[in-house]
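K.L.:
The sequence shown lines up with residues 164 to 374 when you count with our numbering.
Fair warning: there could be bad hints in the mix.
Taking CB as the label site, the calculated pair distances span [unchecked claim]:
(1) Asp-335 / Ser-361: 36 to 42 Å
(2) Ala-219 / Asp-191: 35 to 41 Å
(3) Gly-325 / Leu-166: 27 to 33 Å
Below, a list of computed lysine-lysine pairs in the DSSO-like style, where the Cα atoms sit at most 30 Å apart [claimed, not checked]:
(4) Lys-326 / Lys-366
(5) Lys-187 / Lys-326
(6) Lys-366 / Lys-299
(7) Lys-276 / Lys-326
(8) Lys-205 / Lys-362
Just so you know, the hints here were simulated from the structure itself, not pulled from any lab data.
Predicted model, so just to flag it, every value in this text is computed and none were measured.
In this text, a Cβ means the ideal position worked out from N, Cα and C, and glycines have one as well.
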Amino acid sequence: MKLIAGRSRLEINELLLARLREGKRDFDNFPTEKAGIVFALKALADFLDNFEEVQADSLAIPIHTIIAALEDADEGTRSKLLEVTKRIGRAPASTIREAIEGCAVFVSARIAKYGQVGLDEADAMVAGRLTRIGLKPLRGSGTEITGRLVAYWREQIQQDVGKRRNSTKSYDLMTKEVFPPTFDKAEQVRHEALDVLSKFVAKYHGSEKPI
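The whole structure should be built from the sequences, with the hints applied where relevant.
P.N.:
Right under this line is the structure:
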């Protein structure tokens, strides 16, 4: 894409990264998550507006529209854009749901590696914690998450070589950001890992309620 005259690619790249980092800091600190999201979206929209093709065809309008809807929500005006859309048939897994699945697979692997248990037992522990939190299966029979379902999530991530699923992205991100256990005893390690899962659900879903 061609930059608008007078703009430096290096300059706008550095500005974008700086603003995205600032938005991420707000996102990581409750209760400013929404502010961080809006800030990051604005940074992305402003970055795209530096290109002639984007300006000419108004390609960033969808991003500006969601920004306006989020800001209006803070003023008490609810945009139709943010209303739940009725679907016919089963709804696909949401972005947040898939991110939780990736976290669950990561936590299970962590328990198996440091908690002195087999992978099947680790899957069962993760499933038990998710059930206690209130997470339920999206498809199939039963009302509780099972160890077999956690194993299925792992298979999906392993088969996602293109890393297109949000669960895969979540899993990869956690392997980079979460440090090794801080405890020596296996039982403490298991509790710590399961607490990581609980906090992840609480943070990204907003509360520990069924999704």
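K.L.:
Each hint: holds or not?
P.N.:
Checked hints:
no.: 1; hint: Asp-335 / Ser-361: 36 to 42 Å; in the structure: violated (21 Å)
no.: 2; hint: Ala-219 / Asp-191: 35 to 41 Å; in the structure: holds (36 Å)
no.: 3; hint: Gly-325 / Leu-166: 27 to 33 Å; in the structure: holds (30 Å)
no.: 4; hint: Lys-326 / Lys-366; in the structure: holds (23 Å)
no.: 5; hint: Lys-187 / Lys-326; in the structure: holds (22 Å)
no.: 6; hint: Lys-366 / Lys-299; in the structure: holds (18 Å)
no.: 7; hint: Lys-276 / Lys-326; in the structure: holds (23 Å)
no.: 8; hint: Lys-205 / Lys-362; in the structure: holds (28 Å)
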